[in-house]
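Going line by line, the protein sequences match chains A and B.
The numbers in the first sequence follow UniProt numbering, run straight up by one, and end at 201.
The numbers in the second sequence follow UniProt numbering, run straight up by one, and end at 171.
To be clear, the hints were calculated from the coordinates, so they are not data collected in a lab.
Nothing here was measured: the structure is a model prediction, and the numbers come from that model.
Where is the CB? At the ideal position from N, CA and C, for every residue including glycine.
Among these hints, one or two may not hold up.
Unchecked claim - Below are the DSS-like pairs computed for lysine-lysine, each with C-alpha atoms no more than 25 Å apart in a straight line:
#1 B/137 <-> B/104
#2 B/97 <-> A/147
#3 A/126 <-> B/7
#4 B/137 <-> A/126
#5 B/97 <-> A/143
#6 A/126 <-> B/60
#7 B/58 <-> A/126
#8 A/156 <-> B/154
As the list claims (entries may be wrong) - Here are a few chain A residues that face chain B, going by a calculated C-beta distance under 10 Å:
#9 109
#10 110
#11 111
#12 113
#13 116
#14 119
#15 126
#16 128
#17 138
#18 141
#19 155
#20 160
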Amino acid sequence: MDESASALLPCRPTVVMVGMSVLRSAAAFAARLTPLKPGSSPANLLTRAIPRTDKAAIRWGHGKKMFVIKPSDYYDRRFLRLLQYYVLLTGIPVAIIVTGVNLFIGEAELAEIPEGYEPEHWEYYKHPITRWISRNLYDSPVKDYEKMMAAIQIEKEKADMRLTQMEVRRHMRESGDGPWFQIPTLNKDLIDNSPKASPDN
Amino acid sequence: MPADYDKDAYPEPPRKTPVVDKQTALPNPALILTKVFYYAVDLPVTTFRDVVDSIRSKNKLVYYHQRFRRVPDLTECQEGDYVCCYEAEMQWRRDYKVDQEIVKVVQERMKACQQREGDSFLQNCAREIQQFNDVTKNYQSRYGDLGAYASGRKCLMKQKERMMAAQARAW
Numbered sequence: 001m002d003e004s005a006s007a008l009l010p011c012r013p014t015v016v017m018v019g020m021s022v023l024r025s026a027a028a029f030a031a032r033l034t035p036l037k038p039g040s041s042p043a044n045l046l047t048r049a050i051p052r053t054d055k056a057a058i059r060w061g062h063g064k065k066m067f068v069i070k071p072s073d074y075y076d077r078r079f080l081r082l083l084q085y086y087v088l089l090t091g092i093p094v095a096i097i098v099t100g101v102n103l104f105i106g107e108a109e110l111a112e113i114p115e116g117y118e119p120e121h122w123e124y125y126k127h128p129i130t131r132w133i134s135r136n137l138y139d140s141p142v143k144d145y146e147k148m149m150a151a152i153q154i155e156k157e158k159a160d161m162r163l164t165q166m167e168v169r170r171h172m173r174e175s176g177d178g179p180w181f182q183i184p185t186l187n188k189d190l191i192d193n194s195p196k197a198s199p200d201n
Numbered sequence: 001m002p003a004d005y006d007k008d009a010y011p012e013p014p015r016k017t018p019v020v021d022k023q024t025a026l027p028n029p030a031l032i033l034t035k036v037f038y039y040a041v042d043l044p045v046t047t048f049r050d051v052v053d054s055i056r057s058k059n060k061l062v063y064y065h066q067r068f069r070r071v072p073d074l075t076e077c078q079e080g081d082y083v084c085c086y087e088a089e090m091q092w093r094r095d096y097k098v099d100q101e102i103v104k105v106v107q108e109r110m111k112a113c114q115q116r117e118g119d120s121f122l123q124n125c126a127r128e129i130q131q132f133n134d135v136t137k138n139y140q141s142r143y144g145d146l147g148a149y150a151s152g153r154k155c156l157m158k159q160k161e162r163m164m165a166a167q168a169r170a171w
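Between the sequences and the hints, there should be enough to build the whole structure, so can you do that?
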């Protein structure tokens with residue numbers, strides 16, 4: 001009936017067809033949203049509940065088991081596992097030792113140096129682990145000081161020797177009567193002076 | 001754990017809490033809270049500390065304050081005597097450290113005074129503030145801009161510059 005009515009309209013039939021089909025799809029959409037069953041009158045449409053046929057019943061139970069597809073996290077978890085292992089391998093013993101030392105031995109207390117007593121070099125530190133390191137692993141600061149002064153003295157002596165050697169070299173070159181810079185020449189006694197009138201001719 | 005500070009050094013003013021004169025039968029919430037805090041936090045912590053101290057008291061350690069002999073200064077060393085220069089440099093470094101600690105102690109005193117006095121610190125702490133200003137000014141003039149590679153030699157040159165500037169001003 002609509003298509004036949006379009007022949008009587010003043011505008012083009014194709015545009016009318018498009019308009020008709022748009023209206024039809026809108027009516028179908030509206031019918032989907034609010035389905036009207038036969039046996040329902042407009043009067044009780046608003047009052048009764050409308051059963052929807054396009055939605056399934058939802059029951060919140062265990063849930064459907066899904067196979068989630070994602071990239072492998074084996075390498076990441078392996079890295080973190082190994083990191084944890086190797087960090088804790090030395091971390092836990094160190095933590096236990098340090099906690100034990102702080103709890104059971106405790107830090108030293110400041111005291112006056114008794115008369116006539118020379119404290120050892122580790123007895124100048126407060127924490128027991130510092131004292132242990134200073135006693136067993138390090139040289140005493142006095143020894144380090146002396147080592148440094150010995151190194152400086154050796155370098156000073158080397159520098160002084162080099163300066164005197166330069167001075168001596170200068171003198172030897174200038175005057176030429178020292179043991180250095182001697183150029184070997186032939187023996188004078190080997191020269192045959194018999195054909196010569198004077199030794200220099 | 002380090003010992004608490006000497007309470008006689010920075011004496012607190014006497015407390016002025018009034019005598020309790022309860023006139024209601026309702027419990028005092030502040031009292032309840034202090035008792036809860038005492039039994040839940042203070043008592044366990046104190047007993048733990050006492051236990052640890054009793055274990056620690058069996059291995060008591062002492063440490064001493066090291067005193068260094070004075071050695072000839074950089075000005076008293078000969079020209080090529082590098083060993084003497086080294087000893088003078090080490091002594092200067094120790095003195096630098098000591099001066100830094102002195103500045104810290106004076107600063108601590110001023111901070112403690114300000115904390116004690118509250119809002120009227122500018123008036124009541126004037127002596128500490130003046131001392132701090134003097135000490136920092138002297139420290140700045142002596143060690144001020146020497147930088148990270150400071151040495152006794154550079155400090156000596158800075159002193160020379162200071163003396164030259166003072167002499168130029170005197171003219």
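To see whether the hints hold, each was checked on the structure:
1. B/137 <-> B/104: Holds, because 14 Å separates the two Cα atoms, which is no more than 25 Å.
2. B/97 <-> A/147: holds (23 Å)
3. A/126 <-> B/7: holds (23 Å)
4. B/137 <-> A/126: Roughly 33 Å between the alpha carbons, so the hint for residue 137 of chain B and residue 126 of chain A is violated.
5. B/97 <-> A/143: holds (21 Å)
6. A/126 <-> B/60: holds (12 Å)
7. B/58 <-> A/126: Cα-Cα ~17 Å, so holds.
8. A/156 <-> B/154: holds (22 Å)
9. 109: For residue 109 of chain A, the interface hint holds, since the closest Cβ of chain B sits about 6 Å away, which is under 10 Å.
10. 110: Nearest chain B Cβ about 6 Å off; hint holds.
11. 111: Constraint on residue 111 of chain A satisfied, holds at 4 Å.
12. 113: Hint holds; residue 113 of chain A Cβ to chain B Cβ min 5 Å, cut 10 Å.
13. 116: Violated - the Cβ of residue 116 of chain A stays beyond 10 Å from chain B, reaching only about 14 Å at its closest.
14. 119: holds (5 Å)
15. 126: holds (5 Å)
16. 128: With Cβ-Cβ at 6 Å, under 10 Å, it holds.
17. 138: violated (15 Å)
18. 141: For residue 141 of chain A, the interface hint holds, since the closest Cβ of chain B sits about 9 Å away, which is under 10 Å.
19. 155: holds (8 Å)
20. 160: Hint on residue 160 of chain A: holds, closest Cβ of chain B at ~8 Å, below 10 Å.
The earlier numbered hints that this structure contradicts are 4, 13, 17.
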